[in-house]
Amino acid sequence: MDLIQVFKYSSLIIFASWLTGLLLLLIKKENLFLKKIGIIFIISGILLLLAFIICYWLNIERPPFKTLGETRLWYSLFLSATGLTMFLRWKWNWIIFYCLLLSALFLLMNLLYPENFDKTLMPALQSIWFIPHVIVYILAYSFLGFSMLAALRGLIAFYRKKEIQEVTVIADTIVYIGFSFLTFGLLFGALWAKEAWGNYWTWDPKETWSFITWLVYLIYIHFRLSFKSKNISASLWLLLFAFIIIMICWFGVNYMPSAANSVHVY
Amino acid sequence: MQSVNLWLILLPLLYYRIKKTLYFSSLENNCMAENNNSEKRKFLKFPWDYKESFMTAFTLLLCGFAVNYFSFPAVPVIPAFPYNLYFLICVLIYIFFSGLYFKSPFIKWLSSIPAAISAISVFTFLILLMGFIPQQREISGFISRTGLSHITQSWSFLIISFYLMLILGYAIIKRSYPLNIKNIRFFLNHAGLWIVIAAASMGSADMMVLEMQAETGKKTSVVYDQKGKFYKLPFEVELKTFEIDEYLPHRKKITSILKIYDDNEIYDAAISVNHPVKIHDWKFYLKSYDKNMGQWSVINIFKIVRDPWLPVVYAGIIMMLAGVLLLFWKTNKN
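Quick note, the sequences are listed as chains C and S, same order. With the working numbering as the guide, the letters of the first sequence map in order to residues 1 to 266. With the working numbering as the guide, the letters of the second sequence map in order to residues 1 to 334.
Worth flagging that the hints you see were computed from the coordinates, not collected in a lab. The reader is advised that the hints may include incorrect statements.
Selected chain C positions facing chain S (Cβ under 8 angstroms, derived; list incomplete) [unchecked claim]: (1) TYR98; (2) PHE211; (3) HIS222.
So the derived label-pair ranges between C-beta atoms look like this [as the list claims (entries may be wrong)]: (4) C:SER226 - S:CYS63: 23 to 33 angstroms; (5) S:GLN153 - C:PRO63: 15 to 25 angstroms; (6) S:GLN153 - C:LYS161: 31 to 41 angstroms.
The following residues of chain S were derived to be distant from chain C, with all beta-carbon distances above 10 angstroms [as the list claims (entries may be wrong)]: (7) TYR16; (8) PHE102; (9) PHE132; (10) ALA191; (11) TYR267; (12) ASP307; (13) VAL324.
Everything numeric in this text was worked out from a predicted model, so none of it was measured. The C-beta atom is built at its ideal place from N, Cα and C for all residues, glycine as well.
Same shape as in the complex, but just chain S (with noise of 0.2 angstroms):
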């Protein structure tokens, strides 16, 4: 384990090392191309640009349609842990690797404005026709055939993401070096930006959120998720007071206090609108009470998630957030 965690160290550094021999190599060799680069360029031969870009973007969003069509009524499905754990390894491994042929024509693409600029907008086209057209699986006929009527869990949008998500990290790869702020403003950015999609859309596969009935004067640990399929958490659960507080004329603080029964525990929680309480690992959210029985209801619904991969997220957005700041701060120093 120990060797593990030396090479979890030494694999970066040696890796801008290498970067940084041979972006000293291709300086130089770029500086000799230079002078024979005036002739005009063929389609599809190397270096690629807008044309090129657009068009494997495209491709890739009908070949996602085309999938969507002949596969339905299956949705693609991703995989719960570790093989999401497993699948993410593999996909950074091999970035991190391919980026270091950064000469070679084809990853020197894959890394450029314009397949990013290819790459944001056709996600945006989808997004876009998600804007427009409800969405909702029950629809039936050519809309749902070709996923349109459920974009996030069609085939079109898993490999436009994973398209923008690999232009993503070679874009990375390619400014990791020389390190200046300018590069640990894009780096924040980027890489933030990379870890929130990666966690949020493989960690939704982990993601459990089921609910549970608390009664007044009955233990119970049972939950259901959506499905209706029931599960038992590993402590017990009681309602033991719920109240709405008036507290000014237009304002309302609905509050439930819950009995827990942990093991040889036992304690109360606090939770109310926008202050979930957290359980061991489940986080407990109000959802609703007997609206009959108002402030006397005896039955609360409270929401339950499970989200393993929420700190990953989180890093993601933190590191977005401090990216953002900086664009600020260049911005005005301008």
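Excised from the complex, chain C in its bound form (with noise of 0.2 angstroms):
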């Protein structure tokens, strides 16, 4: 069985898991045996996702991180594996039920495109950045995703008149280590663009967009900390407009005008 066969099936099976998992944590809130189940169903879903990216890995002979489908696989895992410890860890329903379905949605992108393995690396990313590099961006990416979800909730429940508050101090928390993560990533990826190439800095459309992104996520946080408890909604829908950014970052530049003779594009 090949490799795109092995993916086919265990990420059906992840799904089905999940699934599984989020309707038993739904269905009897009180039931505190049902809910330790729906739990285990969710876990064994991660944990299977993990297996198959190492079963991936020692398959390709060289680290997984250089095709969009690979980062997908990755954003998935990070993304389903930190929404449980938050869940875990707050007990709020919500965040584990919003990331399944984004980790979902992704792996389903991985399964619609699926791609060629292609064995090669270049020798520009032979590199001990180009783990780091891809890593620490992944991470903030699944952060910033997960303030896009807490920014969706709170809208909800602003345009409902009900309590944001708490809400917003999640998202402000999240914001502030995905930005980490993202200012991480961009000097990793100026460190490592010096060494490979003697530049730090090319503006690459990559690293144009990647830049934009940073500066979408600093404006959020200024502008926190500039109203504090007034305009809310505003900072929200900034978050999700910032999500966008990301999006385009990560997928969208590849279509662009401006990029048709980036290093980055894969």
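Make the complex out of the two chains shown on their own, each in a separate frame, by following the hints.
This is the structure in structure tokens:
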């Protein structure tokens, strides 16, 4: 059986176990036994995803951080794992629901667009910076993805005129963590580029867009510091907008007219 | 020279001392002013807020476009050493001492969050344009005249960056007192960014990017830049060996070994992708080889970079990394 077949079956099993787990969590909120079983289902789904990634890594004989599909795999893994941790830590039902939905979406994208499993790794990518650069970025994107989910939650509550103080505090905390990772990714990228090409910054389209992402979250942080408990809906909209910028930076750049000669197109 | 060094240490201390005294006197003033601050403020009357901040930032942007339009096809040129250093020192001294007037409403506004947000937003807007419009100098017409086809070399970019640096500078000065963990984190993040931007932009004038063609059995010291102008290195170079090692089926390692004739010394330097080698002030990067000949190619092209401001940029990057680590620590604690 080739890798694509394995991926097809394992992702279907992952979907099924996550769905069962979520249903068990939602059916009877007071029943602790059902809840435990539900969590076990979700955990086994995540573990299966991890097992698939390890098996994939061993098969392709290079770190799996090169193609878009590979970054999406890691994204689903990190998103679901951190979502579960947050759920267990703070007991928010909605967060596990949203983030499993989002990571299932990214897995689905990989199912719909299976990639050819290219094994070569060009010399420029053979660097000690390669793995930290990509991992830190994927962590940043998953935390900032969370902040988007929290913003969505907050906006729904806002238009229903419900309490949103807690959700904005959560969003702020997550943005701080995500932004820290984002800064690391940006700086690691600059240090790597210096070693590989002799320039730390060349305004390559991917660099430009990741800089825009960084700036938009910088605006959010300063905006929140300025308004504190005022203008909350505006700041939540800003988080949704920022996530769209992330999506452009991650996938969209490849389709931009400005990205014809980018070193980051993959 | 000794006395100059002493002043360099004493000046910040003196500054800190004055700031501390003024800070406490301003606190008293603020308490008195707080009581009669209830009436509605007129536009452009101090203290300035978001409206005035965004107006200023957009005016500066439009000015940048206008200057670009009328000075076309000339582009702003950053002066080379030592003038870029003089310029930076002047800006630093100016911010440093005008920062002492932090009670003045204008300086207060320049170091405020609304000014910061307006500057970052307009800067983001400019970079967004760059994200959509292909950046190539050849395009003619309106896009080119306003500088939108080469934003990083346009007046608007330069002016907005300078405005951002000014605001960032005043914000750093404002938070230099009191010295606690929160302000240290603020300082590392903001001053680190200031140093990175300042050194990278001003240093770009002193950065030399050259190329060299090294051959086996032929000593050479001739290098050329992108415009085709020739220079001579203070040492000679000869390609000793070149090999493409396929040590794994899907991984290639490309290494070339140069023989360096340096005054009376002769030594080897192994260069591969991601592993440049520094010879004197020059860093050698393996750029390409004769693709037709493959493993047996006798000609290699090297990219040679001299970047004297690099340690300053790295200092800024290290400060930012430390600041971001503190940011983590803070959020994890909450």
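For S:GLN153 and C:LYS161, compare the CB-CB distance with the range 31 to 41 angstroms and indicate the outcome.
violated (51 angstroms)
Does C:HIS222 meet its interface restraint, that is, does its C-beta lie within less than 8 angstroms of any C-beta in chain S?
This interface hint holds because 5 angstroms falls under the 8 angstroms limit.
Any CB of chain S closer than 8 angstroms to the CB of C:PHE211?
holds (6 angstroms)
Is the hinted range of 15 to 25 angstroms satisfied by the C-beta distance from S:GLN153 to C:PRO63?
violated (37 angstroms)
For the hint 23 to 33 angstroms, verify it against the beta carbon of C:SER226 and that of S:CYS63.
holds (26 angstroms)
Closest CB-CB distance from S:ASP307 to chain C, is it above 10 angstroms?
Not fine: 8 angstroms to the nearest Cβ puts S:ASP307 too close to chain C.
Just checking, S:PHE132 versus chain C, shortest CB gap more than 10 angstroms?
violated (6 angstroms)
Is it correct that the beta-carbon of S:PHE102 has no partner in chain C closer than or equal to 10 angstroms?
holds (18 angstroms)
For S:TYR267, is the shortest beta carbon distance to chain C beyond 10 angstroms?
The claim holds: S:TYR267 sits with its nearest Cβ about 22 angstroms from chain C, beyond 10 angstroms.
Satisfaction of the C:TYR98 interface hint, Cβ to chain S closer than 8 angstroms:
It is violated, given that the least Cβ distance between C:TYR98 and chain S is near 21 angstroms, above 8 angstroms.
Confirm or reject the statement that S:VAL324 sits farther than 10 angstroms, beta carbon to beta carbon, from all of chain C.
Non-interface label on S:VAL324 violated, nearest chain C Cβ at 5 angstroms vs cutoff 10 angstroms.
Should the label of S:TYR16 as a non-interface residue stand, given a Cβ cut-off of 10 angstroms to chain C?
Holds, since 25 angstroms exceeds 10 angstroms.
In this structure, the earlier hints numbered 1, 5, 6, 9, 12, 13 are contradicted, and the remaining ones agree with it.
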